Amino acid sequence: MKPLEVFRVESPDKTGAESYESVIRDVLADLELTTVLGRLWIWIDPTEPVFIFCALIRTGIPPVCVKDMADISTGAPSAKQVELKLTNEEHVSTLLNILWIEYGRENVSQPEKKVITIDTEDKEEVAEKVADVVIADPRREIESRLADALLRITPEGFRVRHHVSTGSEMLFVASEDSIKPEWVKKAEYMMDQLKEDL
Amino acid sequence: MLEPIMYEGGVFKHNLVIELIEDLGGYVLQTNYMQTEVMIQMLCPHEDISMLEDLAKELRAKITRAPLTGTDIVVIAPTLAYHHLPHHACDVAEYMRRFGANTTLIGLARGVGRRIAQISAKERALVNEHDIAVFTLGNFEDCLVNKKYVLYKDLDVPCIITGTPELQKPPVYAKDYVGHLGRIAHRLKLENELDALDRLVETVGKTLDEHRIEISKDPLTTQPARIMKEIKEQIPEINKSLSPAPITLQLMGARVKLSYPQYKEVIENITFEEGVTLREIAEVLPSRVRDYILIRILPKSVTGFVI
Chain A
1 MKPLEVFRVE
11 SPDKTGAESY
21 ESVIRDVLAD
31 LELTTVLGRL
41 WIWIDPTEPV
51 FIFCALIRTG
61 IPPVCVKDMA
71 DISTGAPSAK
81 QVELKLTNEE
91 HVSTLLNILW
101 IEYGRENVSQ
111 PEKKVITIDT
121 EDKEEVAEKV
131 ADVVIADPRR
141 EIESRLADAL
151 LRITPEGFRV
161 RHHVSTGSEM
171 LFVASEDSIK
181 PEWVKKAEYM
191 MDQLKEDL
Chain L
1001 MLEPIMYEGG
1011 VFKHNLVIEL
1021 IEDLGGYVLQ
1031 TNYMQTEVMI
1041 QMLCPHEDIS
1051 MLEDLAKELR
1061 AKITRAPLTG
1071 TDIVVIAPTL
1081 AYHHLPHHAC
1091 DVAEYMRRFG
1101 ANTTLIGLAR
1111 GVGRRIAQIS
1121 AKERALVNEH
1131 DIAVFTLGNF
1141 EDCLVNKKYV
1151 LYKDLDVPCI
1161 ITGTPELQKP
1171 PVYAKDYVGH
1181 LGRIAHRLKL
1191 ENELDALDRL
1201 VETVGKTLDE
1211 HRIEISKDPL
1221 TTQPARIMKE
1231 IKEQIPEINK
1241 SLSPAPITLQ
1251 LMGARVKLSY
1261 PQYKEVIENI
1271 TFEEGVTLRE
1281 IAEVLPSRVR
1291 DYILIRILPK
1301 SVTGFVI
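Protein chains in written order, with our numbering: chain A, 1 to 198; chain L, 1001 to 1307.
Looking at chain A on its own, in the form it has when it is part of the complex (with noise of 0.2 Å):
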């Protein structure tokens, strides 16, 4: 799925649909959403009033383990510590909080700028299980992107909301007035919609 392939807002008020596009261009923008969607379809009826939203979710950024960042090895073989050595700095403060909690202040250091290490007496353990510690998740961060921007986008006085969302799709429909089923089925259909030819 390619960023943004299908963008599709409609109304039965054509320039109120056509502005809406360019606000929600703009907010997709600001929150650097715009290679996360891969489909998006939007409907909007002020008369019913109806705010629907369906998103495709472009899967594929893993999270961050250890392994991912830091080669690990466990040094000379009367050496009781797990060294790591770093080749990704990014998420280095909250690896170390995630060390300092799991093995104690005392027991991490970090000699060199990209070295760490653990003492401890069981390493090969350690070594083993510290290289599966996720360390950062982009994905969790996007959702809170998205649902920023879905908040932003959707009429603020639309405040009965309904929603569903996995982890590769998010079908949102929003009224000042009480949810309808039919507005709901419409949302799955636009869904259904959205994902033939996946």
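Hints are all accurate, no fakes.
In silico lysine-lysine, DSS-like type, Cα no more than 25 Å apart, as pairs:
| no. | chain 1 | residue 1 | chain 2 | residue 2 |
| --- | --- | --- | --- | --- |
| 1 | A | Lys80 | A | Lys123 |
| 2 | A | Lys195 | A | Lys185 |
| 3 | A | Lys2 | A | Lys195 |
| 4 | A | Lys85 | A | Lys129 |
| 5 | A | Lys14 | L | Lys1189 |
| 6 | A | Lys14 | L | Lys1169 |
No lab work stands behind these hints, which were simulated from the structure alone. Bear in mind the structure is a predicted one, so any value in this text is a computation, not a measurement.
Since the structure of chain A is already known, use the hints to place chain L on it.
Quick look at chain L alone, frame taken from chain A:
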């Protein structure tokens, strides 16, 4: 008749301009210094503008007519959320300042939505203190025409509405409407957006001119600018105010940024050289903006004289 003028030039010798205006019987309303530049808003007698132009030419400064000078405009967004701010409500307020207006931006507490949109009595009273209200509304024609009028139908001041669609006639209860200025989430800088802002300034100017003509049928006892001059001369505390416009001029009076309980008496006792005091020619009221003072000048039909 006094013409609203804006002077933009260097700080060097700008005091000559201020002296000239005072000698001609005009008023300096506001002086803003921006490093080595100065911007002066003033009222100059119509027949003497050529003298001012000559002086400005000598000082390499620019003189423009600023139709919104000496007016107090309120720009109203449905709420203070990021749906409306900073673009486009702040951009509208800022653009009108360039033409000399004093603009205030407010967000309503519950102005959003269609059925649920409402304005409180306190908000209405606050808006009615100004000369004109500009409502920055959204994209959909149905909302603008059929729903949002509840926000402005009970206001006493003229209301100008902005929105995206081009309407044949202004929505009911609105004085005028300006299109292509609906919900926009980026800074207004494209050609059509600047055109829309220019049309808004023109519409606001036209509405204010109509209001000025209405006022001239029963003229005010004195000019608001004269009250401003007297306050500056007789109440030195006003110079300690940190506000960029300690006295905001309106078409029918002024808002003075001094505490009402503390300064009401002092303001009422301001004496003019004709021998009258301010309490005889104006009402001094508490403003809804903080604890400021609102002065409403009485017309000739009430006082029986003009000074």
